[in-house]
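A.B. asks: Sequence:
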Amino acid sequence: MNELARRLGEYQDEIITSILETAAMLGWSLLAAVLIGLPMGTGMYLARRGGPKERGWVYAGLNGFVNVVRSVPFLLFVVALIPFTRWAVGTSFGTTAAAVPLSFVAVALYARWVEQTLVDIPRDTVELADSLGANTFQLVTRFLYPEARSGLVLSMTTVTISMISYSTIMGVVGGGGVGDFAIRYGYQRYEYDIMYVTIALIVVIVMLIQASGTRLSMALDHRSR
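Numbered according to the UniProt record's numbering, the sequence shown terminates at residue 225, and the numbering increases by one at each position without gaps.
Think of the hints as simulated: they come from the structure by calculation, not from any bench.
C-beta atoms are modelled at their ideal positions from N, C-alpha and C, and glycine is treated no differently.
A couple of the hints might just be wrong.
Derived Cβ-Cβ restraints for the label pairs, each shown as a range [to be verified]:
id	residue 1	residue 2	range
1	Gly90	Leu132	45 to 51 Å
2	Thr125	Ala5	51 to 57 Å
3	Arg142	Leu75	39 to 45 Å
4	Ser212	Val89	39 to 45 Å
5	Ala200	Asp130	47 to 53 Å
Start from the sequences, fold in the hints, and give me the full structure.
C.D. replies: Listed below in structure tokens is the structure:
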């Protein structure tokens, strides 16, 4: 145990750096999920068959994007996106470059979750908004989002945990992160105890995120009051 503590101390700077790299990748991808995935999922709900603003061609385009991104194996998706990543951020290597494919996946995942969350809202809510003369923006911001806020938080929690999982393989493009640290300093150096400690750290982070998301969701759920 003392030997493990000593070696962890030697890797202290690398551990901190890997945590910051993971945080950076998560930050950019989750920001993209909120700024792009939330309106995209809302648009899918509005435009779907039987939706408040049914538009078949709009839904087909958005749904197609989400399905394509979600269906391609992530490692292959990262490699296939390298030319676009290089064009978008000027490099295909490093933490910033790693955030690009992660952002695509986060947007697709959250868009699908947002759509499903809004679908679960009772039809009466939409009918009430129509009877009050609400336009599309008012329908979304004053009726749908307040009703779905608990589910939207839980959905973001799920996406966040998924992004942590995806980020662990971003070492293939030099993205770094906690997963890359576990591979390079644990597995490749045959220091398996370091790898297991890193895995335990990831588990703790995931549990904290899940607990926080669940607590916030319950606080926002009007049905629990």
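A.B. asks: State for each hint whether it applies.
C.D. replies: Here is how each hint holds up against the structure:
{"no.": "1", "hint": "Gly90 - Leu132: 45 to 51 Å", "verdict": "holds (49 Å)"}
{"no.": "2", "hint": "Thr125 - Ala5: 51 to 57 Å", "verdict": "holds (55 Å)"}
{"no.": "3", "hint": "Arg142 - Leu75: 39 to 45 Å", "verdict": "holds (42 Å)"}
{"no.": "4", "hint": "Ser212 - Val89: 39 to 45 Å", "verdict": "violated (30 Å)"}
{"no.": "5", "hint": "Ala200 - Asp130: 47 to 53 Å", "verdict": "holds (52 Å)"}
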